[in-house]
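What follows is the residue order along each chain.
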Amino acid sequence: MFAAENGLKGDPRLEAISAAIRVVPNFPKKGIMFQDITTLLLDYKAFKHTIDIFVDRYKDMHVSVVAGVEARGFMFGPSIALALGAKFVPLRKPGKLPGNVISKSYDLEYGHDCLEMHVDAVKAGERVIVIDDLVATGGTLSAAISLLESVEAEVVECACVIGLPEVKGQHMLKGKPLYVLVEPSGLDDHLC
Amino acid sequence: MSAKAGQEDPRIDGIKTKIRVVPHFPKKGIMFQDITTLLLDPKAFKDTIDLFVERYRDRNISVVAGIEARGFIFGPPIALAIGAKFVPLRKPKKLPGETIFEEYELEYGRDRLEMHVGAVESGDTALVVDDLIATGGTLCAAMNLLERVGAQVVECACVIELPELKGRQRLKGKPLCVLVEYR
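Taken in order, these protein sequences are the chains called L and F. End of the first sequence = 191 in numbering that gives the first Met the number 0, gap-free, step of one. End of the second sequence = 182 in numbering that gives the first Met the number 0, gap-free, step of one.
Think of the hints as simulated: they come from the structure by calculation, not from any bench. We put the beta carbon where it would ideally sit given N, CA and C, even for glycine. A hint or two may mislead.
Per the computed footprint, the stretches of chain F lying under chain L, defined by three or more beta-carbons under 8 Å from a beta-carbon of chain L, are [what the hints assert, rightly or not]:
hint, region
1, 137-146
2, 149-163
3, 168-180
To give an idea of the interface, some chain F residues facing chain L are shown, with a C-beta separation under 8 Å as derived from the structure [as the list claims (entries may be wrong)]:
hint, residue
4, Phe-31
5, Thr-35
6, Arg-54
7, Phe-85
8, Ile-99
9, Tyr-103
10, Ala-118
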């Protein structure tokens with residue numbers, strides 16, 4: 000569900016966050032309007048608003064783990080984890096984590112990819128938020144949910160800064176709630 | 000602020016004990032410094048960030064540059080706490096906009112670090128962050144990128160140093176701050 004439909008309608012912070020996101024046409028391939036959050040990270044106030052909104056939402060939900068999807072989930076997740084007093088768990092591409100891992104593969108438009116987590120990072124019964132910069136089809140987040148559920152953690156919600164139109168109206172992902180701050184920025188917004 | 004310099008802050012020992020060493024990863028002979036276990040201890044992770052923030056908050060740093068991917072874990076919390084921009088320095092072809100790159104040497108071959116054009120401007124004062132410094136090759140490439148666009152690198156900051164690899168000497172005279180040394 001989008002933040003504007005869930006108590007933050009008209010919140011000027013959402014406007015600032017949306018305005019700070021740059022659209023890069025035809026990246027990584029023709030036809031894709033890439034939502035670039037690096038410009039959000041250059042806008043200190045808007046970046047801080049992003050973190051604050053997530054922290055405000057989760058601070059009373061007894062969340063003990065924030066799991067971030069490599070690599071852009073790493074840019075948001077740790078700050079949220081620190082503010083919540085929660086653990087941060089990186090979910091990584093294959094071969095990066097040095098300890099014993101569990102893996103989950105997922106489909107891409109062409110082919111598939113794989114997400115890994117350290118087996119000892121999350122305990123059964125822990126309440127987890129999964130964070131990434133953007134949700135498109137939900138394939139990556141679904142893989143993340145599978146990894147966490149396989150160690151019997153409870154995924155409380157998936158949280159993303161941006162949600163593509165495919166997920167509008169979708170409140171759940173693999174049975175788990177989805178929380179998104181903004182829709183994609185349009186073509187004619189501030190091309191920096 | 001290395002583990003050996005003068006009075007050691009009492010938080011440093013708590014940080015050091017949380018770093019897990021994984022032998023023979025990614026290959027035989029390498030004692031891999033795993034910071035994921037540090038991230039599982041909220042107090043130790045907070046102490047890590049606090050130590051850097053206390054050092055840099057009054058130094059007028061306008062940009063924190065973090066090196067992919069573990070620099071993305073430590074850099075943004077520091078940037079947010081000191082009011083600076085965060086700039087990711089990435090492997091090739093990940094950044095969507097116009098980029099500049101700097102090559103650096105690996106044990107076998109070369110790799111590249113990229114930065115978005117326009118992210119850092121002439122006159123910016125920069126802190127470079129990564130989880131660990133080994134040979135210093137990646138940090139040196141990061142510093143070069145920042146200096147090429149006219150920024151001034153104030154310092155490099157890493158959680159861990161492998162002093163035997165002498166990376167500190169490859170930083171073109173710039174200071175390095177680390178919390179923990181592994182010998």
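Hints, verified against the model:
no.: 1; hint: 137-146; verdict: violated (count 0)
no.: 2; hint: 149-163; verdict: violated (count 0)
no.: 3; hint: 168-180; verdict: violated (count 0)
no.: 4; hint: Phe-31; verdict: holds, 5 Å
no.: 5; hint: Thr-35; verdict: holds, 6 Å
no.: 6; hint: Arg-54; verdict: violated, 17 Å
no.: 7; hint: Phe-85; verdict: holds, 4 Å
no.: 8; hint: Ile-99; verdict: violated, 14 Å
no.: 9; hint: Tyr-103; verdict: violated, 19 Å
no.: 10; hint: Ala-118; verdict: holds, 6 Å
Of the hints listed earlier, those the structure fails to meet are numbers 1, 2, 3, 6, 8, 9, in rising order.
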